[in-house]
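Asker: Sequence:
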Amino acid sequence: MAKSIKVTKEESLEYHIGGKIGIEITKPCDTARDLSMAYTPGVAYPCRDIEADPELAYKYTNKSNLVAVITDSTAVLGLGDIGAVAGKPVMEGKSVLFKAFANVDAFDIELDEKDPQKIIDICRAMAPTFGGINLEDIKAPKCFEIEEKLQALVDIPVMHDDQHGTAMITTAGLINALEISGKDIKKMKIVVSGAGAAGIACAKMYRLLGANHIVMLDSKGVIHSKRDDLNKYKAQFAIETDDRTLDDAMKGADMFLGLSAPNIVSKEMIKSMNTEPIIFALSNPVPEVLPELVKEVRDDVMMGTGRSDYPNQVNNVLGFPFIFRGALDVRATKVTEGMKMAAARALAELAKKDVPSYVKEAYGGEDLKFGYDYIIPKPFDRRVLPEVSTAVARAAIEDGVARVSESFDIDAYYSKLSWQIETERK
Numbered sequence: 103m104a105k106s107i108k109v110t111k112e113e114s115l116e117y118h119i120g121g122k123i124g125i126e127i128t129k130p131c132d133t134a135r136d137l138s139m140a141y142t143p144g145v146a147y148p149c150r151d152i153e154a155d156p157e158l159a160y161k162y163t164n165k166s167n168l169v170a171v172i173t174d175s176t177a178v179l180g181l182g183d184i185g186a187v188a189g190k191p192v193m194e195g196k197s198v199l200f201k202a203f204a205n206v207d208a209f210d211i212e213l214d215e216k217d218p219q220k221i222i223d224i225c226r227a228m229a230p231t232f233g234g235i236n237l238e239d240i241k242a243p244k245c246f247e248i249e250e251k252l253q254a255l256v257d258i259p260v261m262h263d264d265q266h267g268t269a270m271i272t273t274a275g276l277i278n279a280l281e282i283s284g285k286d287i288k289k290m291k292i293v294v295s296g297a298g299a300a301g302i303a304c305a306k307m308y309r310l311l312g313a314n315h316i317v318m319l320d321s322k323g324v325i326h327s328k329r330d331d332l333n334k335y336k337a338q339f340a341i342e343t344d345d346r347t348l349d350d351a352m353k354g355a356d357m358f359l360g361l362s363a364p365n366i367v368s369k370e371m372i373k374s375m376n377t378e379p380i381i382f383a384l385s386n387p388v389p390e391v392l393p394e395l396v397k398e399v400r401d402d403v404m405m406g407t408g409r410s411d412y413p414n415q416v417n418n419v420l421g422f423p424f425i426f427r428g429a430l431d432v433r434a435t436k437v438t439e440g441m442k443m444a445a446a447r448a449l450a451e452l453a454k455k456d457v458p459s460y461v462k463e464a465y466g467g468e469d470l471k472f473g474y475d476y477i478i479p480k481p482f483d484r485r486v487l488p489e490v491s492t493a494v495a496r497a498a499i500e501d502g503v504a505r506v507s508e509s510f511d512i513d514a515y516y517s518k519l520s521w522q523i524e525t526e527r528k
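Under my numbering, read the sequence shown as residues 103 to 528, first letter to last.
Bear in mind the hints are in silico, worked out from the structure with no lab data behind them.
Please read these numbers as outputs of a predicted model, since none were measured by experiment.
We put the CB at the ideal spot given by N, CA and C, even for glycine.
Worth double-checking, as some hints may not be accurate.
[Said to hold, decoys possible] Pairs of lysine-lysine, DSSO-like flavour, derived with a Cα cap of 27 Å: (1) K328 <-> K289; (2) K288 <-> K190; (3) K369 <-> K353; (4) K353 <-> K288; (5) K306 <-> K251; (6) K122 <-> K201; (7) K334 <-> K369.
[As the list claims (entries may be wrong)] Now the in silico label distances, taken between C-beta atoms and shown as ranges: (8) G466 <-> E526: 40 to 46 Å; (9) V388 <-> G467: 25 to 31 Å; (10) S374 <-> E157: 56 to 62 Å.
Work the whole structure out from these sequences, hints included.
Answerer: What follows is the structure, given as structure tokens:
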């Protein structure tokens, strides 16, 4: 188990003084001529060219590498609805991760607005500025409506990371768990505890992978066909079943996905699961069940949490920076299901490759090898950039949502990203 990292309030507040992101200029502005180039009269030339061909904004402005991180702060981490300005440190942090992991410039925008249609209108009006929109920490079910309707109105990718990031990464782990166990996903019983944004997105992605038997639970228990209190998003997962409680659902289950509350899974539930089950207990900081408790009752479990001090961390930083990197670089108009699945498969494949020494060193010299305790790559594995971003870019082209020319060389793109990470490491 990796060493736990403790952060005190005093250390955190000191770290955050002045904020975590800034703006830097990328062209010289030291002389009168530079000033004329940067502003008037020089800007008239690209403005006129862009007016004639809006696609040139990707060439002559930062649109090609700029993502908006937008929130209404109604579901901030584990803090809930804390208000627009209180959510700013989290959105700044997201922008830091975009830059640090995939060299994507991101700007945080906290909206003092909670009406879904007004949020859609605001984002639509701002869309020309950006190459992509990352929706963040917006409460379900309105997050589904905002993402769906906004994407239909704009020609840049829109992704609510709380949904799709978790879905992609747990799907990568599931793909590898299937390979290790030899199980057929079509015959598996999958239990999803938590019917919010992430739970529903994960379940949808598992269905795309082939899952037929998903038992989803919300705060009132199993979502079954006889309930009359379900919104349209939960209703998609209402099934004919006699299961009513989590204890019922866990009997014979092949997989448990927790996106709900700490310490809700007992030893008896773990014992009642099928052979070689997979458990993703993602409640943070305290998971639905601790790995130590699981190991007390059985030794055939492939388990992940949201924490860095346990194996198989489900960390969304493995997803969103690289999804947007690939999407931006082919000027994608949206993020498709194919792009998300391509990212998941790329992560799954990376976990099967030999782990570089620098990654092992970052995790205390752990001997990381494909198996029960290593089915998801580590966030500091820099190879995620070329592997995932290239897979996403290729899928965007194949799905017909990329605006790059037919001459785009996907192999050269992979080599460029690989060279970039090697250069950065040196």
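Asker: Hints first: check each against the structure and report whether it holds.
Answerer: Hint by hint, here is what the structure shows:
1. Restraint check for K328 and K289: the C-alpha separation of about 24 Å stays at or below 27 Å, so the hint holds.
2. Using a Cα cut-off of 27 Å, the hinted pair K288 and K190 is violated, with the two alpha carbons roughly 42 Å apart.
3. For the hint linking K369 to K353, the alpha-carbon distance of about 12 Å falls within 27 Å, and the restraint holds.
4. Taking the CA atoms of K353 and K288, the gap is near 18 Å; set against the 27 Å cutoff, the hint holds.
5. The straight-line distance between the Cα atoms of K306 and K251 is roughly 18 Å, inside the 27 Å bound, and the hint therefore holds.
6. Note on K122 and K201: the hinted pairing holds, with a Cα-Cα distance of about 11 Å set against a maximum of 27 Å.
7. Pair hint K334 plus K369 does not hold up; C-alpha atoms about 34 Å apart against a cutoff of 27 Å.
8. Checking the proposed 40 to 46 Å range against G466 and E526 shows it is violated: the Cβ atoms sit about 22 Å from each other.
9. Against the hinted window of 25 to 31 Å, the Cβ-Cβ separation of V388 and G467 comes to about 27 Å, which satisfies the hint.
10. Separation of S374 from E157 is about 57 Å and conforms to the stated range, judged on CB atoms against 56 to 62 Å.
Hint check: violations occur at hints 2, 7, 8; the rest are consistent with the structure.
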